[in-house]
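Q: With chain A held as given, fit chain B onto it using these hints.
So the protein lines, in turn, are chains A and B.
Just so you know, we're using the numbering used here here: the first sequence kicks off at 9 and counts up by one.
Just so you know, we're using the numbering used here here: the second sequence kicks off at 383 and counts up by one.
Be aware that a few hints might be false.
To be verified - Only pairs whose alpha carbons sit at most 25 Å apart, straight line, appear in this in silico DSS-like list of lysine-lysine:
{"no.": "1", "chain 1": "A", "residue 1": "K10", "chain 2": "B", "residue 2": "K462"}
{"no.": "2", "chain 1": "A", "residue 1": "K10", "chain 2": "A", "residue 2": "K403"}
{"no.": "3", "chain 1": "B", "residue 1": "K461", "chain 2": "A", "residue 2": "K10"}
{"no.": "4", "chain 1": "A", "residue 1": "K403", "chain 2": "B", "residue 2": "K461"}
{"no.": "5", "chain 1": "B", "residue 1": "K462", "chain 2": "A", "residue 2": "K403"}
{"no.": "6", "chain 1": "B", "residue 1": "K519", "chain 2": "A", "residue 2": "K10"}
Calculated directly from the structure, the hints in this document are not laboratory data.
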Amino acid sequence: MKILRMAWRNLWRNGRRTLVTVAAMTLALWSMVLYTSLMEGMLGSMETTLLDVELGEIQVHADGYRERPSIWERIEDPDALLRALDETGLRSTARLLGGALVASGDVSTGALLKGLRPERDALVSEVHQRLDRGEWLDPADAKGVVLGYRLARTLAVEVGDELVALSQATDGSMANDLFRVRGVLQSLSEETDRATVFLLEDEFRNFFALEDGAHRVIVRSSEGQDLTAAAGLVEQAAAMSAPGVEVRSWRDLLPGLANVFDSAQAAVQVVAFVVYVVIAILILNAMLTAVFERIREFGVLKAIGVSPRRVLALILVEGALQSALAIGIGLVASLPALWFVTTRGIDVGGLGGTAIMGVAMDQIWTGAVSPLTIAGPVFILLFVAGVAVLFPAIKAARINPIEAIHHQ
Amino acid sequence: MGAEPIISLRDVTKVYRQGSVDVHALRGLTMDVEAGEFTAICGPSGSGKTTMLNLIGALDAMTSGSIVLEGRELASLNKKELSELRRDRIGFVFQAYNLMPVLTAYENAEMVLWVQGVDGSSRRERVMGLLEKVGLKGMENRRPSELSGGQQQRVAIARAIASNPVVVLADEPTANVDSETAETLLELMEELNREQGVTFVFSTHDPQVMERARRVVRLVDGRVASDERR
Numbered sequence: 009m010k011i012l013r014m015a016w017r018n019l020w021r022n023g024r025r026t027l028v029t030v031a032a033m034t035l036a037l038w039s040m041v042l043y044t045s046l047m048e049g050m051l052g053s054m055e056t057t058l059l060d061v062e063l064g065e066i067q068v069h070a071d072g073y074r075e076r077p078s079i080w081e082r083i084e085d086p087d088a089l090l091r092a093l094d095e096t097g098l099r100s101t102a103r104l105l106g107g108a109l110v111a112s113g114d115v116s117t118g119a120l121l122k123g124l125r126p127e128r129d130a131l132v133s134e135v136h137q138r139l140d141r142g143e144w145l146d147p148a149d150a151k152g153v154v155l156g157y158r159l160a161r162t163l164a165v166e167v168g169d170e171l172v173a174l175s176q177a178t179d180g181s182m183a184n185d186l187f188r189v190r191g192v193l194q195s196l197s198e199e200t201d202r203a204t205v206f207l208l209e210d211e212f213r214n215f216f217a218l219e220d221g222a223h224r225v226i227v228r229s230s231e232g233q234d235l236t237a238a239a240g241l242v243e244q245a246a247a248m249s250a251p252g253v254e255v256r257s258w259r260d261l262l263p264g265l266a267n268v269f270d271s272a273q274a275a276v277q278v279v280a281f282v283v284y285v286v287i288a289i290l291i292l293n294a295m296l297t298a299v300f301e302r303i304r305e306f307g308v309l310k311a312i313g314v315s316p317r318r319v320l321a322l323i324l325v326e327g328a329l330q331s332a333l334a335i336g337i338g339l340v341a342s343l344p345a346l347w348f349v350t351t352r353g354i355d356v357g358g359l360g361g362t363a364i365m366g367v368a369m370d371q372i373w374t375g376a377v378s379p380l381t382i383a384g385p386v387f388i389l390l391f392v393a394g395v396a397v398l399f400p401a402i403k404a405a406r407i408n409p410i411e412a413i414h415h416q
Numbered sequence: 383m384g385a386e387p388i389i390s391l392r393d394v395t396k397v398y399r400q401g402s403v404d405v406h407a408l409r410g411l412t413m414d415v416e417a418g419e420f421t422a423i424c425g426p427s428g429s430g431k432t433t434m435l436n437l438i439g440a441l442d443a444m445t446s447g448s449i450v451l452e453g454r455e456l457a458s459l460n461k462k463e464l465s466e467l468r469r470d471r472i473g474f475v476f477q478a479y480n481l482m483p484v485l486t487a488y489e490n491a492e493m494v495l496w497v498q499g500v501d502g503s504s505r506r507e508r509v510m511g512l513l514e515k516v517g518l519k520g521m522e523n524r525r526p527s528e529l530s531g532g533q534q535q536r537v538a539i540a541r542a543i544a545s546n547p548v549v550v551l552a553d554e555p556t557a558n559v560d561s562e563t564a565e566t567l568l569e570l571m572e573e574l575n576r577e578q579g580v581t582f583v584f585s586t587h588d589p590q591v592m593e594r595a596r597r598v599v600r601l602v603d604g605r606v607a608s609d610e611r612r
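Chain A extracted, bound-state conformation (with noise of 0.2 Å):
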């Protein structure tokens, strides 16, 4: 308790000294909260583009289309699979892939075609809530498609424009067709802005000539189910309903981005360690000038009999006192400015669609809050601060007593 007492008014002895050190903590903890908040909050928000509206966490495909994607390579019987997976109690949906020549006007380039039943893609993929504008596939309206952001803008069309579809069919004929632009998509990936139209099945088969398969079937595993587990009964599924598939995680399909997602907490943890290395500095150099003033005082401490432990302690405690206030201040200072973050977000749509590693973030930038959100910054503001008072510590309870006491 002495100890604790004396902890606390050496640290008023100069006040402003401890207040600009306590001060630079609060600060640094604050951005820390703040910055771990936004990364959370992006990866979230990128992790959800990912798995929710573009890959699911699992696809099939004919085995060799991954490697050559092609019309002609296709799961034989897709809702025989769907029907195993349905019996598993995983949501899937099955698509149907194929390239074209797409063009309004006089500007042409080329898309992949995706052909969907509405209904049941809207239990996998949230797709059909990000659009830009206009209207997603209505089986009401059969030749209305959605178009990815970019792949507008090539093309200039707006909602209820036509678009001209054309490429060879499956039974070697030249396949066009006259849509309608029903729908333009947000930034979502870079897949699907530059290149991607949505259509309903039926328009895609009909347009391909298609009769019977589908390319891709998406699978949804349930919250917190392990991928590796959900993918062995994707493929007991599969081996059961459609033989001649392979099963892969997007962990297999996107392993570069799958490896961001794993790195990116240790890269948040890492520039908070750096921010704080700089508060560390100050901190030292405080204790230090600290511990230099009061040398005297602590060769009359050894002298009387107080052992290095507890001058260490003394100094220890100071330390921890100083990093709890700014533990404090800088917590409560962080809860208005992660309201902010987490309800009105930064908007980043003036940046014009950024995206990393293909993956596009939302237009409103959300931060996001977990026990980490908070913890981590702590314990390491905790580290760090332990470690820098650390070498004052230990000098203090190293000193000579009568150096000390005759120190001027």
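A: Just chain B now, with coordinates in the frame of chain A:
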């Protein structure tokens, strides 16, 4: 006196290295201090007074010789034991008072008892009595900056005797106060010596101290030049 000495120095030498020069602070010093003595160590600057107190107080290590305090050879004790010896058996009064500026008079005086682990109520009883004894009743909650030099030295004396040490070592305790204050401090220490049997060993230049001391040991060049008992 004939009593068993509580401090016994035998052929004690202390050599400091200053740059490339060896400085012989003590050169084979031999003397005893008996319980209840009120001893002044005097001599010119550099004669070894403070060095001698530092060695007796286990703050420094001698180069050769022997110092025995209450039957314990200091050279045989490790750092922890020396620290405990200082805490339990020796009181220190410094020339510059050396109180903790962030602690009150009461807290400064109770410091050694706290380090010893004495319980709060015993500490309070002991320290309040001591502060009253040294004339600081009512000033318990004042910090050193709110006390005069003489009052601060009284707190230092209270701190030094709080743990009932075998000896109080006072390094020029009156050097920083005026003669009137020095007189009252000496009266206080004399009274503590007389009434409570506290053994005092001073290093001093102050004629007032030498006048009141019942034993005056004069050091010259690190040796005992004279030893006068009154």
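Q: Among all the numbered hints in the text so far, which are the ones the structure does not match?
A: none
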